[in-house]
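K.L.:
Residues per chain are reported as follows:
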Amino acid sequence: MTHYPLETNPEYLDYEFLSIGPKGEIRKLVRFTRMEVADTSLDIYNLAFGDYDKVGNTIDDDIITDNKDPNQVLLTVAAAVLAFTERQPEVLVFVQGNTPVRMRYYTMGIATHLDGTLKGFDIWGNIDEEWELFQPNRRYIGLLARRKATVAGV
Amino acid sequence: MAILNKKENNSYSGISISKKVKSRAQDPFILKKVKEAEAFINKYGLPAALTR
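Chains as they are written, first to last, in this note's numbering: chain V, 1 to 154; chain H, 1001 to 1052.
Just so you know, these hints were derived from the structure itself, not from any lab.
Note that the Cβ used here is the ideal one computed from N, Cα and C, for glycine as well.
Do not rely on the hints blindly, as some may be mistaken.
Straight-line Cα separation of at most 27 Å, DSSO-like style, residue types lysine-lysine; simulated pairs [stated by the list, open to error]:
#, chain 1, residue 1, chain 2, residue 2
1, V, K23, H, K1020
2, V, K54, H, K1020
3, H, K1019, H, K1032
4, V, K54, V, K68
Each pair of labels, with its calculated beta carbon distance range [said to hold, decoys possible]:
#, chain 1, residue 1, chain 2, residue 2, range
5, V, S41, H, Q1026, 21 to 27 Å
6, H, A1039, V, E90, 20 to 26 Å
7, H, L1031, V, R104, 22 to 28 Å
8, V, Q135, H, K1020, 38 to 44 Å
Assemble the whole structure, with the sequences as input and the hints as a guide.
P.N.:
Structure follows, in structure tokens:
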């Protein structure tokens, strides 16, 4: 399986792609935004992801598209993470699903690609208000990822 | 297998750069998500491995 073709802007902060399935072509957006976090000098970026809402010209992460391509969509989001962190390998990427179901979707996706696409990343999950190294089948409420220091590229 | 095959500084297999991709930096949805994310990290901190 390959990821969907991605477009990004010259800043490598915004990404767009089309999910293609029974519901037609669904425009998806990914955005990395630098966060202001107290007591750290680390650069942490929030990953926001959702469907393009043409009515509000915004992103909507409440929509459940069900376009029968969840793995390919997640692989494409992972490709955006790879492209973004290729440019800035020292940054942390934070992800928080808007619902437990969405968070489980992310967790399962990460578990699937842990030994492949995401092999070059350290990943932590927050569970019971504590961080731990990522383990499959855990009900995390937040995730952090950073390229391993030894990774020199993709 | 790597998803991205870097060809040059700004060109990747399956990823193209387009000025048509608008910045969502000021999108209210994004601003709300970032605020929530900042609150999360400020509340729970960072993994110990990152704070040593």
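K.L.:
Now, for every hint given, state plainly whether the structure supports it.
P.N.:
Quick rundown of the hints versus the structure:
no., hint, verdict
1, V/K23 - H/K1020, "holds (25 Å)"
2, V/K54 - H/K1020, "holds (15 Å)"
3, H/K1019 - H/K1032, "holds (25 Å)"
4, V/K54 - V/K68, "holds (22 Å)"
5, V/S41 - H/Q1026: 21 to 27 Å, "holds (26 Å)"
6, H/A1039 - V/E90: 20 to 26 Å, "holds (24 Å)"
7, H/L1031 - V/R104: 22 to 28 Å, "holds (26 Å)"
8, V/Q135 - H/K1020: 38 to 44 Å, "holds (40 Å)"
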